Amino acid sequence: MSNLNQNHCVHHNRELTYFCESCEEPICKLCTTLGPHNYTLHRINSLQEAFKMRVEHIKQEILHNILPKRDEIFAQINRIEYRIQEIKYVKNIIERDCRAEMNGIEDRLNQAESMKQTILQHQISVIQQDLDEMNDLAIQFFNLTKKNDYLEFLFDSQSLLDRIEFLIAKPYNKGLDEIPDDLPRELTDLRLLFGKMEGQQQLLEILNEIIWRMINERKHEEELSQQILNRHSENEIKEWQKLVEFFTEQLKESEMICYFCNEPLDIKTINKKCKKNKDDIPDNFIGYTVEKPTDQQIGTKRHFYGHAVIQAKMPKLQEEKKKLPSAVIIEGIMSKIKVRMQDKQVKLLEIFQEHDNDKNGYVNEIIFNYIMQEHLQLIDEEIENIVMFMDCKSDINYNIFFNMLKSSNLIQKMESDLIQKYRPPKSKKRTPSQN
Numbered sequence: 001m002s003n004l005n006q007n008h009c010v011h012h013n014r015e016l017t018y019f020c021e022s023c024e025e026p027i028c029k030l031c032t033t034l035g036p037h038n039y040t041l042h043r044i045n046s047l048q049e050a051f052k053m054r055v056e057h058i059k060q061e062i063l064h065n066i067l068p069k070r071d072e073i074f075a076q077i078n079r080i081e082y083r084i085q086e087i088k089y090v091k092n093i094i095e096r097d098c099r100a101e102m103n104g105i106e107d108r109l110n111q112a113e114s115m116k117q118t119i120l121q122h123q124i125s126v127i128q129q130d131l132d133e134m135n136d137l138a139i140q141f142f143n144l145t146k147k148n149d150y151l152e153f154l155f156d157s158q159s160l161l162d163r164i165e166f167l168i169a170k171p172y173n174k175g176l177d178e179i180p181d182d183l184p185r186e187l188t189d190l191r192l193l194f195g196k197m198e199g200q201q202q203l204l205e206i207l208n209e210i211i212w213r214m215i216n217e218r219k220h221e222e223e224l225s226q227q228i229l230n231r232h233s234e235n236e237i238k239e240w241q242k243l244v245e246f247f248t249e250q251l252k253e254s255e256m257i258c259y260f261c262n263e264p265l266d267i268k269t270i271n272k273k274c275k276k277n278k279d280d281i282p283d284n285f286i287g288y289t290v291e292k293p294t295d296q297q298i299g300t301k302r303h304f305y306g307h308a309v310i311q312a313k314m315p316k317l318q319e320e321k322k323k324l325p326s327a328v329i330i331e332g333i334m335s336k337i338k339v340r341m342q343d344k345q346v347k348l349l350e351i352f353q354e355h356d357n358d359k360n361g362y363v364n365e366i367i368f369n370y371i372m373q374e375h376l377q378l379i380d381e382e383i384e385n386i387v388m389f390m391d392c393k394s395d396i397n398y399n400i401f402f403n404m405l406k407s408s409n410l411i412q413k414m415e416s417d418l419i420q421k422y423r424p425p426k427s428k429k430r431t432p433s434q435n
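Mapping the sequence shown onto full-length UniProt numbering, position 160 (from 1) lands on 160, and the numbers just tick up by one.
Take the hints with a grain of salt, since some may be wrong.
[To be verified] Here are the simulated PhoX-like pairs of lysine-lysine, each with C-alpha atoms no more than 20 Å apart in a straight line:
no. : residue 1 : residue 2
1   : K242      : K69
2   : K273      : K292
3   : K52       : K69
4   : K301      : K347
5   : K421      : K406
6   : K275      : K301
Everything labelled a hint here was simulated from the structure, so no lab data went into it.
Keep in mind that this is a model prediction, so the values were computed, not measured.
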C-alpha cells in the first residue's frame, strides 16, 4: 500500500509521470495544469529525462572526484604502511644497541614506537572509514541504476549527491608527521653528552669571563647612550610643542562665525536667533564671513555660519610680497650655512632625511625652522628670508634648498621668477589709436 501511494501524486492521486526540476519532486500530469506546478517558474521534465540527467551528474561526480580521491587514499595507505615498516626497522636497530644497557631505555623506546604505531594506525582507520563510505556509495549507485526504477532512484538521488558532496569536501591528512628518525637514542646521546661535558664546562667559564668584561665595558656606553637619548627626547618635545602651536593657529583659522553678528559657532549660539539677521540690512553691509547667504536666508533671524574674512592678514601678506629678499641676501645666508656646516661637521642632508617621514623630499616649515636653528644657529629673520625666497606654500623641498647651496645661478634664476610673479611690469599707456 505504501509503494502504491509513493507512485501516485499526493495532490491528485494520479500516477507520477513528470518531474519538477525547480521543486525537486515527481508530479502527475494534472499538477502541470491545475497546480501547484503550473507556473512558468517551474521547470518540468519527464521522469526518464530527469533520471538520465541525475545519473549522468552523479556518474561524473564519481568519475572525476570520488575515484581520484579514492586512489589518493589507497596511495596514502601504502605510504603509511611503508612508513610503519621503516619505523619498525629503525626501532630494531636501536633496540639491538640498547638491549645490553638499561631496561628503562628499552621501555621508553617501546613506548615511543607504540605511540607512533597507534597514531599511524588511527590515521589508517580514519581514512579507511572514508574509503568504506566511498565503496558503499558506489555500490548503492550501481545497484540503483541496475534496477531501472526511476522513482526509487529519483527519491534517493538527492541523498547520493549529499553524500558525494560531503565526501568531496571532507579533508584528510595527506602528510606523515610521524617519522622514525625522532625515536629516542638515549644511549648514544648519553655517550656524546659525557664526552662533551668537560669541554662545555671550560667553554662556560670562558663565556662567564667575557660577559663580565662586557658588562663593565658597557656601563660607559650606556651612560653616553642615555645622554644622547635625553637630548633627542628634549628635541622631540620641542618639535611637538611647535606642532601644537602650529595646529592651534590652524584651528583658530578654521573656526566659523555668523555672517550677520560675528558670533562664533558653539553649542550655546547654534540654536539661538540672530539679532542682526533682519529684513532691513543696509546695502553696504559686507558681512563677517567669506561665504555669503542667499536671499532666502536673509531676514530669517537665524545665524548663517562661515569662515571669517582674514582681512587683517591681507595687508601683511601683500607687504611681505613687496619686501622679497634679494639674491644677494640669500647668497650671503647660503655662504654662512656652508661655513657652519664645515665647522660643525653637520650632515644636513641626513638630518633632513631623518625628519622626512614620507621620504618624498619635503619637510614642513616647523621642522625646517627647527633644523636651521638647532644645527646651524640661524636667526628667525634669515630663516624667513629663505622660506620666502623659496616661495613655499606649505612644505619645503630640501633638495631645492641643497641646490641653492651649490649654485648661485639657481638663486639668480629664482629671484627673476619671483620678481615676475609678485612684481609684474606696469601696464603700458594706451595710444590714441587704442582709445
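Verification of the hints:
For the given pair, K242 sits about 69 Å from K69 by alpha-carbon distance, which is inconsistent with the 20 Å threshold. For the hint pairing K273 with K292, the CA-to-CA distance comes to about 18 Å; that is within 20 Å, so the pair holds. Taking the CA atoms of K52 and K69, the gap is about 25 Å. The hint is violated against a cut of 20 Å. For the hint linking K301 to K347, the alpha-carbon distance of about 62 Å lies beyond 20 Å, and the restraint is violated.
For the hint pairing K421 with K406, the CA-to-CA distance comes to about 24 Å; that exceeds 20 Å, so the pair is violated. For the hint linking K275 to K301, the alpha-carbon distance of about 6 Å falls within 20 Å, and the restraint holds.
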